[in-house]
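These protein sequence lines are chains H and X, in that order.
The first sequence lines up with residues 1 to 105 when you count with the working numbering.
The second sequence lines up with residues 106 to 524 when you count with the working numbering.
For the record, the hints were derived by calculation from the structure and aren't laboratory data.
Backbone N, C-alpha and C define an ideal beta-carbon position, used for all residues, glycine too.
Keep in mind that the hints are not guaranteed to be accurate.
[To be verified] Only part of the chain X face toward chain H is listed, based on derived beta-carbon distances under 8 Å:
1) Gly149
2) Arg152
3) Gly172
4) Lys243
5) Leu491
6) Gly493
[As the list claims (entries may be wrong)] Calculated from the model, a selection of chain H residues having no Cβ within reach of chain X, i.e. all distances over 10 Å:
7) Arg35
8) Glu39
9) Gly44
10) His101
[Stated by the list, open to error] Quick look at which bits of chain X chain H covers, simulated, 3 or more residues with Cβ under 8 Å:
11) 133-143
12) 336-350
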Amino acid sequence: MSEIDNGVLTQGLDERAVVSAGDYFNKNTGERLERECRERLAAGCRELVVDFSQTEIVNSVGVSILLGVIDSAQGSGTKVVLSGVNAPTIELFEMLGVTRHVEIN
Amino acid sequence: MIADKNKLIHAFGALAELSQEITMRAGFPETMRTSLHLISGTLGIMRGGIVKYSRFAHELSLVAARGLGDEFPLAMSLCEEDERQFLTNGLYPIDVDHARVLPFFQVYSSSLDKRSIRLFVPLIVHEEMVGALFLGEKATGENYTSYDKDVICAMGRHIGVAIAQRNLLEEVERRADENRKLYDELHTTYTDTVRAFAAAIDCKDKYTEGHSVRVGKYSEIIAQELGWQQEEVEGAAVAGYLHDVGKLTVDRRIINAPYRINAKESAELNKHPGVGYEILMPIHHPFTDVPLAAKYHHERLDGRGYPDGLYDKQIPYIAKIVNLADSFDAMTTDRPYRHRRQAAEVIEDLKRNSGKQFAPELVSAFLKGMYREITGESTDKRFRRLLGREYMEAESIVPTLKTALNGTAPKPITVLSLD
Numbered sequence: 001m002s003e004i005d006n007g008v009l010t011q012g013l014d015e016r017a018v019v020s021a022g023d024y025f026n027k028n029t030g031e032r033l034e035r036e037c038r039e040r041l042a043a044g045c046r047e048l049v050v051d052f053s054q055t056e057i058v059n060s061v062g063v064s065i066l067l068g069v070i071d072s073a074q075g076s077g078t079k080v081v082l083s084g085v086n087a088p089t090i091e092l093f094e095m096l097g098v099t100r101h102v103e104i105n
Numbered sequence: 106m107i108a109d110k111n112k113l114i115h116a117f118g119a120l121a122e123l124s125q126e127i128t129m130r131a132g133f134p135e136t137m138r139t140s141l142h143l144i145s146g147t148l149g150i151m152r153g154g155i156v157k158y159s160r161f162a163h164e165l166s167l168v169a170a171r172g173l174g175d176e177f178p179l180a181m182s183l184c185e186e187d188e189r190q191f192l193t194n195g196l197y198p199i200d201v202d203h204a205r206v207l208p209f210f211q212v213y214s215s216s217l218d219k220r221s222i223r224l225f226v227p228l229i230v231h232e233e234m235v236g237a238l239f240l241g242e243k244a245t246g247e248n249y250t251s252y253d254k255d256v257i258c259a260m261g262r263h264i265g266v267a268i269a270q271r272n273l274l275e276e277v278e279r280r281a282d283e284n285r286k287l288y289d290e291l292h293t294t295y296t297d298t299v300r301a302f303a304a305a306i307d308c309k310d311k312y313t314e315g316h317s318v319r320v321g322k323y324s325e326i327i328a329q330e331l332g333w334q335q336e337e338v339e340g341a342a343v344a345g346y347l348h349d350v351g352k353l354t355v356d357r358r359i360i361n362a363p364y365r366i367n368a369k370e371s372a373e374l375n376k377h378p379g380v381g382y383e384i385l386m387p388i389h390h391p392f393t394d395v396p397l398a399a400k401y402h403h404e405r406l407d408g409r410g411y412p413d414g415l416y417d418k419q420i421p422y423i424a425k426i427v428n429l430a431d432s433f434d435a436m437t438t439d440r441p442y443r444h445r446r447q448a449a450e451v452i453e454d455l456k457r458n459s460g461k462q463f464a465p466e467l468v469s470a471f472l473k474g475m476y477r478e479i480t481g482e483s484t485d486k487r488f489r490r491l492l493g494r495e496y497m498e499a500e501s502i503v504p505t506l507k508t509a510l511n512g513t514a515p516k517p518i519t520v521l522s523l524d
């Protein structure tokens with residue numbers, strides 16, 4: 001099953017959910033992604049995949065929201081995977097310690 | 106070196122966004138939430154919060170939070186020692202682990218430790234504490250560096266100013282609210298005083314009991330029918346209430362005489378407009394024309410009125426309104442020497458004297474108001490309340506009103522020079 005809601009694409013595969021970060025991961029897309037992730041976590045998702053393959057830029061608010069999602073996922077024992085992340089964003093995530101808490105593929 | 110440059114670029118971008126957020130005035134809670142995201146996203150902070158400080162309640166209250174959970178206190182008290190220490194520290198991050206000696210960190214240590222709060226940053230603006238930041242551990246797991254703390258200070262200054270502005274706005278709103286309440290109280294006092302005066306005036310004359318109040322109400326109706334603003338309508342009502350205040354100095358026997366008074370008595374009675382003006386002039390009324398209404402409410406458009414025999418445009422507009430209201434009440438109430446006249450007769454009289462004694466547009470407005478009420482076009486019962494239901498339901502009243510309102514335009518008055 002897949003569904004596009006305001007630029008955030010989600011796919012629910014039983015215990016694995018894929019959520020897209022959109023092309024510019026900022027406050028708007030971040031808040032939508034956060035809502036989606038919380039719903040998935042509440043539904044018992046065990047692996048949360050955040051798809052960055054369409055994402056060009058991530059700003060500070062985006063990073064903060066992503067850290068919040070990671071914090072919540074860790075609290076419920078859910079694994080977070082970031083996929084399709086471009087090189088500048090990887091560099092940013094490494095600099096800020098995001099990569100310490102997630103799997104990148 | 107490259108990593109440092111990237112950090113700087115990232116921090117500058119966030120600082121620019123923070124300035125923009127604060128000046129955009131998106132609403133205080135939203136601004137605080139975004140500010141917290143910006144500071145967290147700049148340094149990779151896992152969780153944190155912004156609190157606002159009330160120096161009256163000595164209390165910090167949570168205005169934005171990220172990852173603090175439901176158990177984190179929404180409000181936290183500071184003692185004088187805490188406040189003094191935070192002010193002395195200034196806007197610079199305090200390592201929670203190094204400040205355990207302070208009462209605040211002892212009282213709330215459990216909540217702070219549970220959410221791994223590492224830094225507490227007092228937000229000081231103009232030597233006053235306006236709030237604080239709580240910042241949790243960094244996602245890197247490293248300690249905060251002096252560079253991180255400098256970035257936090259730069260961003261904290263912006264957040265502090267936003268809170269100070271909010272406090273200022275709240276203070277202005279509070280004072281405006283207080284002023285509004287005071288104004289309302291004064292206004293009520295003024296209105297009550299005016300009504301008390303009107304009652305005192307009417308007490309002198311047993312036959313015209315309630316006259317001033319009714320003239321006030323009729324003046325109000327005329328102003329409403331003219332489409333005046335609420336404040337102006339109120340001014341017209343007050344002018345009506347107080348128009349006869351000068352009668353307080355006239356001998357009660359003259360006012361209550363059950364016969365047509367003689368020339369001497371008439372001269373005495375005719376002084377009341379001037380006396381009323383003298384009484385009302387020194388009072389600071391919210392409505393400026395009140396004394397003029399008292400002085401000129403017996404003037405006529407054709408110059409045959411008193412005390413000054415003014416013509417049409419020389420007569421203040423408010424006095425023309427009160428004159429019509431006063432005359433209408435005199436015609437529709439019993440007097441010592443005659444019964445009140447029938448409604449149709451009064452309407453014809455008003456129309457006949459339109460352009461002579463009364464301003465035509467005022468007569469039209471007044472009669473139109475009456476017509477709308479009788480025909481049910483208006484649900485108000487203003488005339489019914491003042492004149493009685495029976496009086497207003499006389500059969501002849503509607504056709505007479507129709508004729509009066511469809512009548513020919515009044516002849517213009519020639520204003521003669523008094524020079």
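Here is what the structure says about each hint:
Contact between X/Gly149 and chain H, as hinted, is supported at the beta carbon level, the nearest pair being about 3 Å apart and thus within 8 Å. A hinted interface residue such as X/Arg152 counts as satisfied when its beta carbon comes closer than 8 Å to some beta carbon of chain H; here the least separation is about 6 Å, so the hint holds. Taken as an interface hint, X/Gly172 checks out: its beta carbon lies about 5 Å from the nearest beta carbon of chain H, inside 8 Å. The beta carbon of X/Lys243 is positioned within 8 Å of a beta carbon in chain H (closest approach about 6 Å), and the interface hint is therefore held.
Evaluation of the X/Leu491 hint against chain H yields a violated restraint, the C-beta minimum of about 62 Å exceeding 8 Å. Taking 8 Å as the C-beta contact cut-off toward chain H, the hint placing X/Gly493 at the interface is violated, the least distance being around 66 Å. Every CB of chain X is more than 10 Å from the CB of H/Arg35 (nearest about 14 Å), matching its label as outside the interface. Chain X leaves H/Glu39 outside its interface by the beta-carbon criterion, the shortest separation being 18 Å against a cut-off of 10 Å.
No beta-carbon of chain X comes within 10 Å of the beta-carbon of H/Gly44; the shortest separation is about 20 Å. At the 10 Å boundary, the C-beta of H/His101 falls inside the reach of chain X, the nearest C-beta of that chain being 6 Å off. Against chain H, the segment 133-143 of chain X contributes 4 residues with a C-beta closer than 8 Å to a partner C-beta. That satisfies the three-residue criterion, and the hint holds. Counting residues of the segment 336-350 of chain X whose C-beta lies closer than 8 Å to any C-beta of chain H gives 0; at least three are required, and the coverage claim is violated.
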